[in-house]
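Protein chains in written order, with my numbering: chain G, 1 to 617; chain S, 1001 to 1464; chain E, 2001 to 2182; chain X, 3001 to 3152; chain Y, 4001 to 4318.
There's no promise every hint is true.
To be verified - Derived CB-CB ranges, DEER-like:
| hint | chain 1 | residue 1 | chain 2 | residue 2 | range |
| --- | --- | --- | --- | --- | --- |
| 1 | G | 528 | E | 2117 | 27 to 33 Å |
| 2 | G | 62 | S | 1046 | 40 to 46 Å |
| 3 | X | 3124 | E | 2117 | 50 to 56 Å |
| 4 | S | 1063 | G | 600 | 35 to 41 Å |
Hints listed in this document are in silico derivations from the structure and should not be mistaken for laboratory results.
None of the values given here were measured: they were computed from a predicted structure.
Think of the CB as a built atom: it goes at the ideal place given N, C-alpha and C, for glycine as much as any other residue.
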Amino acid sequence: MLVEIFITMLILALVAAALNKYPKISGIVTFFASLIPFLVVISWSQDIGLSFPQFLKFFTLEKSLNYNIGIATFMLKITPLGWFFLLLLASAFPMAILFSITFIKKNAGGFYAAMITSMIGSMGILLAQDILSFYMFWEIMSWSILALVMRSHDKKAIMSYLSFGVLSAMLILLGIMLLYSETGTFVFSEMGFMANNTTLIALSLLVSGFAVKGVLVPMHVWAPYVYSRSEEPFVAFLSGGLSKLGYFAMILFMYSVVGISVLNSWGTFRDVSIFGYTLAFIGALTAFIGTVLAIMQDDLRKLLAYSSIGQLGYIAIGIGIGTPLAMTGALFQALNHTFFKSALFLAAGAVYYRTGKWKISELGGLGYKMPFTFLAVLFAIFALAGIPITSGFAAKWLLYEAAIQKKFLFITPIMLIAGVGAFLYSYKILYGVFLGEPRHNVKEAPLSQLAAMWLLVLPLIIFLIFPGWFVDLTSPILKWYGLMPISHTPYTITTSLAAYNTLAVILALIGGLILAFALYFSKPQKVVPHTDNYLAGEPPELYEHISMHAASKYYEPFDEVFYPFFKRGAEMCWMAILKFVKILGEGARAIYTGIVNDYSIYILIFFLLLVGWWLIW
Amino acid sequence: MVMFDVPPVLLIAFPLFFAFLAPLIYYLSKKSIKFYTLGVLILNAILSYFLFFRVMDEGVVYEQLSGFYPPVGILLAVGYLGSILAMLINTLATINYVSFFDEKSHSLRFSMLYMLVTASSTGIVVTGDLFNMFVFFEITAVGSYGLLASKGTKRSYEGAIKYIVLGSIGSSFILLGIATIYGYLKTLNFYDIAARISTMPIEAKLMAFTFLVIGIGVEAEIFPLNGWVPDAYQGASSRVASFMVLGPSKAGIYAIARLIFTLIPFSDGYELALILGALTLLIGELAALNQKDVKRMLAYSSIGQMGLILIALSLHSQIALIAAVFLIVNHALAKSLLFLGSRNYASGILKNPVIGASIFIGALSIIGMPPFPGFWGKWYLIVDMAHNGLWFMISVILFAAIVEAVYYARFLFRGTGNEKVTLLPGEKIAIISLAVLLVIIALFPFLLYNPASNAATSFLGGGP
Amino acid sequence: MRQEDWSKLARIMSKRSLWMVHFCTGCGAMEMPPVLTSRYDMERFGMISMATPRQADVLLVTGYLAVKTLKRLVQVYEQMRDPKYVVGFGSCTINGGMYWDSYNTIKDLSKYMPVDIYIAGCMPRPEAIIDAFLKLMDMIDKGEATGWKKYHKYYKQYKRNQKMAFSYRLDEVKDIEEGDGK
Amino acid sequence: MKAMELFSEAKEIKKGRIRIETTKDKVEEMIKKLKNNGYEHFVMLSCIDWIKDGKFELVYHMWSYKYKEHVMISIKINRDGETVPTMSHLFPQIETYEREIHEMFGVEFEGNKRLVSFVLEGWPHMPPMRKDFDTEKFVKEHYYKIPEVKEE
Amino acid sequence: MVMNIITSILVMSGMVALGFAIGMLFNGIARKVVARIHNRVGPPVYQGYIDVFKLFSKKTNISHGWIFDLAALFSVGGIALTFLFLPVAGVSMLSGEGDLFLILYLIAIPALGFALGAGASGNPNAAVGMMRALMMMLAYELPIAMVIVAMMVYYNTTSLAGIVAMQSNLKWAIGIPPFLIGALVADMALQGMLMEKPFDIPLAPHEIATGPLVEFGGKHLGSIILYKMMGTVVETTLFVDLFLGGGVVLNVNQFGWFAYLVNFIVWFVLILVVFLIAVIINAVFPRFRIEQALKFYWKYDALVALFILFWIFSGVMV
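One chain only, chain G, in its complex shape (with noise of 0.2 Å):
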């Protein structure tokens, strides 16, 4: 049955890519596809031992199958990890394709194609049990995204990507190899562990492998490239999903198939594992560099890149830490990520197809223009930045918790202010889009972009009120790993540090906004436009042509005393690795003079010198 579920995506793929002339058919074909996982996820639901409606399950699968392809056999089997991730892929799949179904007009069968091959790849990795196939499907993801970003034909774009994602895979392939060469075997289940330096190093080279896909620094180079020039559905999938998936695999790696007790044994700093503690350190590094140099971006998509990157930094810090409180919040803060960096992208994308503009001091005044657009804005950003009006805040409040735990003195600051630095870029977008003066007249976006967002968003609302809900989805994986699931109700959590109560916090701010509403229906109100503002008494009937939008160089100063310390960045370090490479190839290009008689001279030396050889030997 799951061989089948493969094939059939595979033919729906093919027809997507047969429909290119049609884009809407074909967008609707693959919109059918994209549900696919979704129900395989759903179908798979009690199976991990979570008790979801049975209405809901719409054909029983296999838990695990070995595929035999004549010299290798692939061994996928579902596990409560591989589980939760493919909810979140699964979920954010089919809205990036609905999304996609206004916006994508030019080559849609090939984007289609692309997206669901990298969909396939996605679910062969999430599912793989073994070193083959889990890196097979990790090329297959890799490559169809490397199609996907090659529509760009941004020239660096696809160049950072390709490198780095060559670079990933060699790391991961060295410490596959690494691994296997130390256990013999390719299964992860029968792999076993001494806790020595060569398997220190395979995890070492494996993490720093998916730092590329989850964009850790300083393996983050390429994604504002890539981010900021690809098509926005696709971006939303690759920054919103398929970056989970470096994630899953880090956790995959050190937890399962390493294991804790390998890991704690290279030495450990207050009951967590060094190397779990300098995961979490980059994580906490990642948070604030991605979030400082998010506020330094005009470009709308730059900014989100960024801000995403920032993002990803906390699931590193949850991971590393790795107690129970620490694994929840990072597979929350994934969980919210998913959702939010997703309906993000997808607003951006929508802005754009009615503006037709990505820079956010060229844009302005959108809010009344597109409320549906800008609620959902809000919303996501509520829960990027953590305001506890959205679920985002409950999981930064489980790693902040974490951390204290574990007396992290220097990670928690950081990501405190990584934290408040957020607040600044999503204010950046929501004054230089959506609020202001406004500049385009653009219409409401249509109808299946915004259900593609709002359905995202709905999601955050949801699991804000029942954050319980979401730690009872996680546990089947903290069992999994022998943890204790951390103590919950479905809208409380409690730690052993203190409790967060999210009813509460609703209820309170509903007397809080009712309080409010008394003082502020006090009083009738006439609505003004925009023109009509308070600048120094001089009437901007006179001043058409000097706009009175302050968006662009928004945090000028902040820039001024940031920029000197970012001027060096982690680019430039590639840059001057690539460098290098590029004066050993000159030199390698230099052996060939293109003169006969220097060839005839190498073959005397390589004579002379093998003859040499064999006398001192």
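Using the hints, position chains S, E, X and Y against chain G.
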């Protein structure tokens, strides 16, 4: 499956005979020469299939020629690898010939040379006799000079002359090696030599090995004997370069394999091959990184691939040899595809997505991305190295793969988007068929795995 | 009845919390700093200066007004929230003062917007200013400072006069569009 | 004393102040020459209405920080409709002076693209600085005729 | 059960009302104190009540659309919500249901609502002011986050009520040497939080016409001013809870209602003192430019905070 037992000699004799018959056909009808050549190549390819299946059925096929018994007489010994390569060379030569189909002035000499080189390359991989192999090498080389020069530009002549010079040096070294062996052992039969090589004095053995490595190394594009490669490939037309990659160079690497496995197997030989392979790989890939000219870049990349194959051979283990077979097949398919597509620009990819996808597949396979054969080759190679703990070499290979990815990306996306694409229909057919072959092997890797596994066993046992 | 009590309370409160916006056109601007600072300290009456007309209750016109300036002044006045009061400083706002024969200076501010209280002098001293404000507070308390109501009521006439001034022609101004300037 | 050396028609009216009377077609050349010889500051452009002669006198004031000299280049044009070429390409600030003089005296400057209203927005009458414009009469007929707001 | 809920709702409403009342009173006190320092008479201390009443009694109210109105709603609602999560004089209303992290993020709700309204007004001054306000927030948040984290680790709880409880019996955090320095650091940060000079560049009335407030008037301005006034109470209470034991001097279980009374009085005095320090600094300082403020907080204040972190770090390791 086997319809009739194909004698291996037919594979060589058939095209040779028809090659010499070609002037007659040309005299009768100038236009039909290309159909004639194509027909011969197709027939030969079909013969090679039969031979392949025969070998798969019966194991190694021996055939004595001219009535003398070995070790005096000439022996043809078609092993598993030989039959795979014979099939590969003949099939791909046929496909590649399709790309020449649209040329207006289809000269007699070209057709003859083409058949000649095909036949002699096949000869190298099916022979069981050292001197015989030398003769075929000479024929291959002479034919290749002509083919490389066939473009008729200054550059192509220059490249061909460089090849002639280096090829002559190589030939003389081979001859020296043969002489050394013959002087001590009084035989040129592979089996005979292999059986009695231990009786040779060590100095003579080393001397013979050195001479032969250098001589064959020129053909097999091993650093530092491969000076002719970039110039010759750059000068030749892309289709000829494609043919060179799939034919003579594969025969050369087969000869190297025979040398280090059958003829003079000793541990330092493997070590030397490993070092040479690594050097060839690194220098080839690094040189390709900055290369602007596409054909020259592909030539450097070819060098790198040869190094990779040599590394695989030098590990002399079952899995590594399987990897080597995969890499050889992958290189023959994908690199000739890329050479054929080297005139296609990024804009062409957009205009013709099928061609674009084919070239993309070729590049992916060369870089070693799953599920294409290049991946399986590298995978098995790295698995074997991981077994042996050759971490440094693994790093070198992976580093080379990154470099490869970078310059292939440049290759795929080069051009400003305004170039006129002038791929001929024949070239397109050839490109697509090669891509289809790659996909078939990608989907059904066991088709290649099982013969490769047999070949590896046979080679490790000292057979062909 | 209750409504009336309510508005009475509102008047008492707002007279003790007059927030001003200066429209500093002439030399009157020089007289304001001493009024605000330690020597005369207007804040003891709850009066502070505000930066924008949106927040302010009192508009101070501190000197002569060119026609071009009047345009801006009208805009600022209309941006203020009701109830709002206008204080005219010095003889320039009353009859043009020393600019009585200038071709570009308006002569009587009350033709263009309702002035609740004028302060005579060229310029008035801080004591006079404080006295005027105390008067204004009295007027607010008694409900006499009704300039803003007048502006709404005779909006057409004010607009006509403003247009006449702005266009430097009397004959071209005919009809004013409907509206009460709220 | 630099300007005295540069131009033969220059007259020193008192110490450090030099007056040059010339015609409008030579002005550009002279300003250029002065600019290149240390008179880097264009102070202002003024206009005088010689109503009896029927002339406007335009005076270009320039100042040299090096020589501490004030040079006044004076030209006379007819009051009725004679145009003057703009000098705003030599010193950008001249554009604003020309704009003002255009508004106040009605002098047309050829080539100045920004002769829009400056202080008087939408002034429909005779330029007010001309001596034949009767200010008092205008004030009486305009400002005093604007009616009071009548309370009904 | 029902009675309990009603009682707690009544208590909470009463506390919110008290908070607003104290906030308005503080506004008057601040103006009076500044006036006295300037050698002026100054307004009466009840001036805050008059101003708020006047603003809500304005006849016309001008809005710039529904997003603009959100500002008024979220700022008052959000600050009331935040106040409920603070332990005030040992009375923990909802502070058991959330912790210090929650409070730090809850403070952002009114600020964000306010920012939405300011942005929606379309006035460039508002945007510039909001930019400065957000940057100021980023600036002071770093030192205060470091100090708070140090305290959390020291007391091994993230709950503010827990921290207050740990300081009972007058074992105030300010008596512990690292937190004495921490209190100074936090007081500097408080100056920025309250937007008092030298960190009042976000408002800067003479420069950008009160920045975010530029388009607010009438009931909108009234709401915002209520939020600001309550904000002073919330922020000073936060400071007092962290460093001065929340003003708890008597044990409630031991002394009953009398303890509540005394605690409330002590709490009021303490927040007044903290507030007056800020006001007095405000009265005598000029203002920093925003990048100067950022550099001040991140260079000097944060450096001292880092020193505290290392201090605690060494203790925790032992």
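A quick look at each hint next to the structure:
1. A hinted range of 27 to 33 Å for the beta carbons of residue 528(G) and residue 2117(E) is consistent with their spacing of about 28 Å.
2. The hinted range of 40 to 46 Å is satisfied by residue 62(G) and residue 1046(S), whose Cβ atoms lie roughly 44 Å apart.
3. For the pair residue 3124(X) and residue 2117(E), the beta carbons lie near 35 Å from each other, so the given range of 50 to 56 Å is not met.
4. Between residue 1063(S) and residue 600(G) the CB atoms are about 38 Å apart, so this pair conforms to the stated range of 35 to 41 Å.
Checked against the numbered hints listed earlier, the structure breaks hint 3 alone; every other hint is satisfied.
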